[in-house]
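Chains as they are written, first to last, in the numbering used here: chain A, 1 to 314; chain B, 1 to 521.
Derived by calculation from the structure, the hints in this document are not laboratory data.
Output of the computed footprint for chain B on chain A, the stretches with three or more beta carbons under 8 Å from beta carbons of chain B:
#	stretch
1	29-40
2	152-158
3	254-261
4	265-279
From the derived model, a few chain A residues whose C-beta atoms are all more than 12 Å from chain B:
#	residue
5	V111
6	L171
7	Y212
8	P222
9	R224
10	V300
Calculated Cβ distances over 12 Å to all of chain A for the following chain B residues:
#	residue
11	I279
12	E395
13	E520
Being a predicted model, the structure only gives us computed values, none of them experimental.
Using N, Cα and C, we set each Cβ at its ideal position, and we do this for glycine too.
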Amino acid sequence: MFAYLVRRILAVIPVMAVVVTVVFLLIHLIPGDPVSVMLGPDATPTQIEATRRSLGLDRPIHSQLLGFYGRVLRGDLGQSYFLDRPVVTAIVERAEPTLMLMACALLVAVVIGVPSGIVAAAHRGSAWDRVLMLGSLLGVCIPGFWLSLNFIYLFAVRLGWLPAAGYASVLTDPMSAVRYMVLPAFSLGFNQSALIARISRSCMLEALQQDYVRTARAKGLPNRAVTYVHAFRNALVPVVTVIGVTTAVLIGGAVVTEIVFNIPGLGRLVISAILRRDYPVVQGVVLVTAATYVLINLIVDVLYAFIDPRIRYD
Amino acid sequence: MACRAYGLRLLTVFAMAAVLVVGAPPADAQKKGGVLRVGNLGEPPALDAHWTTASITETLTNHIYEGLYSLDAGNKPIPMLAESHTVSKDGLTYTFKLRQGVKFHNGKEMSSEDVVASLNRWGKQSNYGKSLFAQVAELRAVDKYTVEMKLKEKSAIVLISLAVPNNFGAIYPKEIAEKFPPETKVTEYVGTGPYKLVEWKPDQYIRMVRFDDYKSRSEKPNGYGGGKTAWLDEIRWVPVPEVATRVAQVETGELDFADDLNLDAYDRLKASTGARPIISKPYYWLVAVFNKKEGLMTNEKLRQAWQAAIDIEPIMKNVAGGRAEFYRMDNSLAPVEITAWHTKLAGLPWNEHNRDKAKRLLQEAGYKKEPIRFMTTQEYKWMYDFALLSKQQLEDAGFNIDLQVVDWATLVKRRNNSKEYDVFTTGMGAFYDPTHHIYLTNSWPGWTSDESILKLQAELARETDPKKRMALWEQQTRQFYEKVPVIRYGDLFGLRAARNTVKGFNEATERIRFYNVWLEK
Numbered sequence: 001m002f003a004y005l006v007r008r009i010l011a012v013i014p015v016m017a018v019v020v021t022v023v024f025l026l027i028h029l030i031p032g033d034p035v036s037v038m039l040g041p042d043a044t045p046t047q048i049e050a051t052r053r054s055l056g057l058d059r060p061i062h063s064q065l066l067g068f069y070g071r072v073l074r075g076d077l078g079q080s081y082f083l084d085r086p087v088v089t090a091i092v093e094r095a096e097p098t099l100m101l102m103a104c105a106l107l108v109a110v111v112i113g114v115p116s117g118i119v120a121a122a123h124r125g126s127a128w129d130r131v132l133m134l135g136s137l138l139g140v141c142i143p144g145f146w147l148s149l150n151f152i153y154l155f156a157v158r159l160g161w162l163p164a165a166g167y168a169s170v171l172t173d174p175m176s177a178v179r180y181m182v183l184p185a186f187s188l189g190f191n192q193s194a195l196i197a198r199i200s201r202s203c204m205l206e207a208l209q210q211d212y213v214r215t216a217r218a219k220g221l222p223n224r225a226v227t228y229v230h231a232f233r234n235a236l237v238p239v240v241t242v243i244g245v246t247t248a249v250l251i252g253g254a255v256v257t258e259i260v261f262n263i264p265g266l267g268r269l270v271i272s273a274i275l276r277r278d279y280p281v282v283q284g285v286v287l288v289t290a291a292t293y294v295l296i297n298l299i300v301d302v303l304y305a306f307i308d309p310r311i312r313y314d
Numbered sequence: 001m002a003c004r005a006y007g008l009r010l011l012t013v014f015a016m017a018a019v020l021v022v023g024a025p026p027a028d029a030q031k032k033g034g035v036l037r038v039g040n041l042g043e044p045p046a047l048d049a050h051w052t053t054a055s056i057t058e059t060l061t062n063h064i065y066e067g068l069y070s071l072d073a074g075n076k077p078i079p080m081l082a083e084s085h086t087v088s089k090d091g092l093t094y095t096f097k098l099r100q101g102v103k104f105h106n107g108k109e110m111s112s113e114d115v116v117a118s119l120n121r122w123g124k125q126s127n128y129g130k131s132l133f134a135q136v137a138e139l140r141a142v143d144k145y146t147v148e149m150k151l152k153e154k155s156a157i158v159l160i161s162l163a164v165p166n167n168f169g170a171i172y173p174k175e176i177a178e179k180f181p182p183e184t185k186v187t188e189y190v191g192t193g194p195y196k197l198v199e200w201k202p203d204q205y206i207r208m209v210r211f212d213d214y215k216s217r218s219e220k221p222n223g224y225g226g227g228k229t230a231w232l233d234e235i236r237w238v239p240v241p242e243v244a245t246r247v248a249q250v251e252t253g254e255l256d257f258a259d260d261l262n263l264d265a266y267d268r269l270k271a272s273t274g275a276r277p278i279i280s281k282p283y284y285w286l287v288a289v290f291n292k293k294e295g296l297m298t299n300e301k302l303r304q305a306w307q308a309a310i311d312i313e314p315i316m317k318n319v320a321g322g323r324a325e326f327y328r329m330d331n332s333l334a335p336v337e338i339t340a341w342h343t344k345l346a347g348l349p350w351n352e353h354n355r356d357k358a359k360r361l362l363q364e365a366g367y368k369k370e371p372i373r374f375m376t377t378q379e380y381k382w383m384y385d386f387a388l389l390s391k392q393q394l395e396d397a398g399f400n401i402d403l404q405v406v407d408w409a410t411l412v413k414r415r416n417n418s419k420e421y422d423v424f425t426t427g428m429g430a431f432y433d434p435t436h437h438i439y440l441t442n443s444w445p446g447w448t449s450d451e452s453i454l455k456l457q458a459e460l461a462r463e464t465d466p467k468k469r470m471a472l473w474e475q476q477t478r479q480f481y482e483k484v485p486v487i488r489y490g491d492l493f494g495l496r497a498a499r500n501t502v503k504g505f506n507e508a509t510e511r512i513r514f515y516n517v518w519l520e521k
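Assemble the whole structure, with the sequences as input and the hints as a guide.
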C-alpha cells in the first residue's frame, strides 16, 4: 500500500514538469506581444523595445524558461504585467467567484438532472418521459452563451426580476450574492443537467430491470418504494461518476459564463490575460488549474486503493 | 433595482433631506451626489497618462489629472493649469504663468517644479511629448508659478501638444514624476483633477471620488476644458467585456452609462424607456496601412491602384450596419469635428471606384497577381468587415489578396516587422494637429519615408502662421492622395448609451468625460 502511494505521488512530478513547460512554451510561442498592447496602438518601435527590456522579454526564450522553472519551484508565479500585483494574489482574489459559480451550477445540474432522469425512467414511454427527454436534448444542444444572453434579456431586461450581470461575495452580502448567482448558475448548470438527466434515466432503466426489483415487486411493495428505494440507490453509482466528470466540464464552461455575466473569476482573468498576453498570469492560472486536476486525480486514485484492494496491484 | 445596496438608499434619503432643507431645485438644476456607474470594455493597461496611448487610459486619467492646456469645443488649445502664456519676439521662448492655489490630491500645492518634472518625463515617453521635446532646448522653473520653455527652432506645436488629451502631458507631483522613470508606469496616482482615485480592483471596478479641494477655472465648461464641477460623489468604472451585457445593464439600470457598444444595439436603445443612445463622433476613419519599407506595396502605382479600385460607400454602409447615422463620406484627413484642420478640397482621387484606372495602374506597376498579405482582426468587427469587403472589390479589379485574420495582440506585434505583412487594418482617431498624423511619419508601422511628405511635415512643425500652415496642410492632403501612404476609407461613428437620469453629459466630445455631469434621481 505504502509503495503504491509513493509511486503515485512520484508520478505527479514528471506530469507537472511537462505541464509547466508546455504552458510556458504555448503562451510564448503564439505571436503577439504584451508590450504593444500595453503601450497602446500608436506606440513606436523604440518605445516598445525599451519596455520589452524592462520586463525581461528581450532575453532568449530558454533563459526565460529556466528562470520560470526556478520561480515555480520557489512557489513564486511572478508579477502580472497589467494588474500590478503578484500572480498568486490575483489567483486567490479570483478563486472565490469561480468556486461559487461552479458549486451553484453543479447544484442546479444535479437538482434538475437527477429527478428528471428518474421520473422519466419510472414513467417510461409516457408523456412525461417524452417532455423531459426532449428538454434534455435541447439542453445538450443549446450553446451556453446563447442561453445566457437570452436569460439576461428575459429575466433582467424584460421582466426586471434579476440583475443582468455582476457579482457580490456571499461573505459580505448574501442576499445580493444569491440574486446575482441565479442566472449564471442556471445557464451553466442547465446544459450539464441535460447530460445528468440522460445518464440517470438509462441507469435507472437498467436498475429497474434487475432481479431484485422484480423480487421487491413480487413481495408486494408499493411501486413508489420499489422505484425510489431499491432501484434508485443502485442506479446512483454511475450517476455520481458522471457528476464528477461534470465538475471538470464546468471549469471550461465557467469561462464563457463569467464573461457574459461579468463575474470576476479565474475564467475572466485568464481570458483577458491571454488577449493582452499577460504571460505570468496565463501561466499561473493554467498551472494552478492543472495542479488541481492532478491533485484530484491523485486523491481519487488513492481513494480507489482504499475502497478496492485489487487496485493496489501489489 | 432592488439589488442596489442600502448605502444608496441612505444616500437618497440624505439627498431628499438636503433638498427639503434648501428648497426644491428648479427642473434640470445640477445636483450634487450619487454614484455614476460606467461600463467600459476592459482594464486600462496603466493609469499613467504619459505612458500609453490606449484610449481607455486617456478616458480614465483625464478625470484624475490635468495638463497645462486643454481643448475647447472646436478642439483648439485653451489654458487649463496654465493661467496664460507669452511668446518672445523671436518665437523661441514660451513663458507660462501657472494658476495659483491649485492643489494636488495629496494636499500639496502645484508649482513650477512639478510642471517641469512632469513635462520632462512626458517628453521622453509620450509620442506628442517626444515630438515637442525634439524642438525644446530647455524647460525650467523661473519662479514658483512661472515656467519657461526655450526652443531650438520656431515651433507651431507647443500649445496643441500640451493640450491633446491622449497620452497627454499630465502634471504629477515632482516626487512621483521623478520616482518613476519614463519607461516604467506610474503606480501612485496623484493629480489635480476633479476626481481622485480611491480604489482599483482589476476586472471589478475603478472607483474615483470627488476631490473636495478641486479648484475649478472660472470659465464655463468648454469642450474638454473650462470650468469643471464634480457633482457626482463617485464615478465607478466597471469593466464589462461582453458588449451585449453592457447594453442589457444600461437598460436595466445596473449601469448608468455604457461605452463602446455594437451599432446593432441602436434600435433597442432607442426603444428603451430608461436609456438613450448617443452617437459618438468622430470615432475613426477606417484605414488600410501599407508596408512601405519592403515588399509589394513599396510600389506607389500598386497603392494608387488600390485607391482607384475601391468603392467606399457600400463598404462604409455595410460596416455601419446599413445605417446612415453611423458613417460619413469625407476625404479630409482631419474629421469635421477638428474645425481648424478640416479641409474641403475638390478633385481628389478619393473613392473613384474606377476599375479601368485600377487595371491600368496594376499593369504599369508590373503586378503579376502576387498575393498581397492583408492583415486584419475579428476582435474589432468593423476592421474585419471592411477588410473582407475590400478584398472582394480589389480582386474584381485584378488584385490577389491574401487575407490574414489574427487576434489584435498578434496584429500589433506583427505590424512592427516589415517582413511579415503588406497591409494592415486599423482606425485613425482624432489628430488635433497636422503634425500628429502618425501615418505621415517614419516611426510608425507602415513607415512613410517619402521625402516630400516628411519635408512638408517638418515645415508644418516649424511654421507658426495659421494661414500658411493651413496652406501647407492642404498641400499635404493633395500629396497624400498622390503618394497614397495609406488608404483613407470613410468615417465610422461609435455608439454609447446613457440612462435618462444622467444629465449634463457633453455629447459633442469624442471621448467621455463625467465632470459637469450629475444624476437626476
